[in-house]
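J.: First to last, the sequence lines map onto chains A and B.
Going by my numbering, the residue at position 132 of the first sequence is 132; the numbering climbs one at a time, nothing skipped.
Going from the second sequence to my numbering is simple: count from 1 and add 1000.
If you are wondering where the hints come from, they were derived from the structure by calculation, not from laboratory data.
Please note: incorrect hints may appear among the correct ones.
Taking lysine-lysine and the DSS-like style, the derived pairs with C-alpha atoms no more than 30 angstroms apart in a straight line are [stated by the list, open to error]:
1. A:Lys58 x B:Lys1085
2. B:Lys1255 x A:Lys255
3. A:Lys255 x B:Lys1058
4. A:Lys231 x B:Lys1231
5. B:Lys1085 x B:Lys1033
6. A:Lys58 x B:Lys1255
7. B:Lys1033 x B:Lys1058
8. B:Lys1085 x A:Lys231
Label-pair restraints from in silico Cβ distances [what the hints assert, rightly or not]:
9. B:Arg1181 x A:Ala163: 28 to 38 angstroms
10. A:Arg181 x B:Ala1241: 22 to 32 angstroms
11. B:Asp1281 x A:His230: 35 to 45 angstroms
12. A:Pro243 x B:Asn1315: 27 to 37 angstroms
13. A:Arg181 x B:Asn1315: 36 to 46 angstroms
Heads up, the beta-carbon is just placed ideally off N, CA and C, and yes, glycines get one too.
Protein chains: 2
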Amino acid sequence: MRAVVLTEFGEPDVLRISDINVPAPADDEVLVKVAATALNRADMLQRRGLYPNPFPAKHNVPGLEFAGTVVAAGRHAGRWKINDKVMGIVAGGAYAEYLTVPAEQAFRTPHGMSLVDAAAIPEVFITAWDALVVQGGLQPGGRALVHAGASGVGTAAIQLCRAMGVWIAVTCSTNKTQACRDLGANLVIDYTKDDFATAISEATSGQGVNVVLDVVGGDYVARNVACLAHKGRIMQVGVMAGPPASFNIASLMPKRASITGTVLRPRPPAEKIAVSRAFADALLPEFDAGVLRPIIDCRYDLTQIVDAHRHMEANANIGKIVVTIAP
Amino acid sequence: MRAVVLTEFGEPDVLRISDINVPAPADDEVLVKVAATALNRADMLQRRGLYPNPFPAKHNVPGLEFAGTVVAAGRHAGRWKINDKVMGIVAGGAYAEYLTVPAEQAFRTPHGMSLVDAAAIPEVFITAWDALVVQGGLQPGGRALVHAGASGVGTAAIQLCRAMGVWIAVTCSTNKTQACRDLGANLVIDYTKDDFATAISEATSGQGVNVVLDVVGGDYVARNVACLAHKGRIMQVGVMAGPPASFNIASLMPKRASITGTVLRPRPPAEKIAVSRAFADALLPEFDAGVLRPIIDCRYDLTQIVDAHRHMEANANIGKIVVTIAP
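Could you build all of it, start to finish, from the sequences and the hints given here?
T.: Right, here's the structure in full:
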């Protein structure tokens, strides 16, 4: 089968398509013919050699999410039958024509949605839902601040918050503000013009937000703390700007605030299954009903994977970059 | 009545005893004749003008905990009757012969324990229990690291952990190691000789601890993260060493770890009542049975309050410094 195999690390042009064997499903796994995958920031780090697969496979194939069709099943993978349409998260291996995944970790695709569109759902919607709601404890009537509002995770977070009655502010650059407003964000802060901590204070009359979802780190950390309400939580899902220049940990104390680091990929299979099943139960009906939908910036074919990575690194996308494999 | 009233900030000798009016209890309060109070690190900060009472009173009287006798009660303070022996936490006012406290916020003293000894219980046992168990989520079979093991909070934490079947490591200076061992700490790390992160890694075979209770901050923060197990939590109850020199927030992510700041004093009355009632229900039987006991370093009379503060600032105490008022 065709797959992108990492044999050296570096710029996008290290990504090359190789011919490798179709993997065989274990007893609890299904074999999926991949219709499409989608890019994530973690893929950029992995390509640079900075974020290896925590569960090393025979071939180093990137790709953290997929949608496709079940073509074979292990003896104890009875949840699915041949030709079922499934999607899900994996620790790697989705830049390929076929992948194996524990049957319980896959979930059905939304009614009436193409597999190519569905491939843009798993990583960012699970990340946003798990960080904001499951771990962050957001409740209807709460308030959230989400950085990179036009990113895959950002566009998922805006929809999730609006669907559950949470007030959401986002940050983004100038040319992405309208897209964030169109998705329903209550406050859109252009970080090239305004300090987000000041904007949050003004918009909330100094009350602050219950949860901050941050992918930036760096000098955002101290300002994130300033944005928090009493007992507020910062969920750190990335650190694109590196460690903070200075951060006074005592600032967490008067608010009884917290900072929690979180990741999906290194979670053991049992945890991935648990979060996937809970996500599917809670949110697939919302996708069926059209309340939630993946926001797709553009689609590339697998043969254009180098261009797809370059596009993500240009930081111009609004929503997900999808890679079609066998649509 | 006699009370220590702060009228200027600075070294211990700014503490002077004045004669002020006995406060009148509100409808939901009781008036307590104070037998004893005890010192806390927060008192040192308050004396220096760095930690004002979050609920400003007519007189600036320090003192965050008390044990004493009910001598009057408001109309809706039916929980207690005259001559009941009570103890509890307050936001200030305990360096005095009388104080008022919401009736629901006070709890009974342990059977067979003097009021003077009981005064050493509330702040440090509630702090340790709330941080380690309620917020930190420690369970029997878990592992904890507590800094300043010979402090009031440290000596409470050791007893709590051992009573609930939690493995506990503490740090302290050389001349306090034996006291920590005698209280039952599973691992005592002399921070003047050994790096605690290395010691924790060796003692737990690299597994780390579920909760770190830290009062130090500074360059402990990065090492605290290194000590954590998967999904471990750092509870920051003080920052005696100031902000961290450098701390990479990304280090929280692979472990899905968190840092939570926590304080007791600024909590609104409803929260103080909730934590006090839960504490009393959970742990007073353990004090009655002698499983838990306050560790008292020494006792001063209220007239010796300057010496008492100097003693705490010398960092030589093992356990609590009690101040008797009307024993």
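J.: Compare the structure with each hint and give your call.
T.: Hints versus structure:
no., hint, result
1, A:Lys58 x B:Lys1085, "violated, 70 angstroms"
2, B:Lys1255 x A:Lys255, "holds, 24 angstroms"
3, A:Lys255 x B:Lys1058, "holds, 25 angstroms"
4, A:Lys231 x B:Lys1231, "holds, 19 angstroms"
5, B:Lys1085 x B:Lys1033, "holds, 10 angstroms"
6, A:Lys58 x B:Lys1255, "holds, 25 angstroms"
7, B:Lys1033 x B:Lys1058, "holds, 19 angstroms"
8, B:Lys1085 x A:Lys231, "violated, 34 angstroms"
9, B:Arg1181 x A:Ala163: 28 to 38 angstroms, "violated, 56 angstroms"
10, A:Arg181 x B:Ala1241: 22 to 32 angstroms, "violated, 45 angstroms"
11, B:Asp1281 x A:His230: 35 to 45 angstroms, "violated, 25 angstroms"
12, A:Pro243 x B:Asn1315: 27 to 37 angstroms, "holds, 31 angstroms"
13, A:Arg181 x B:Asn1315: 36 to 46 angstroms, "violated, 56 angstroms"
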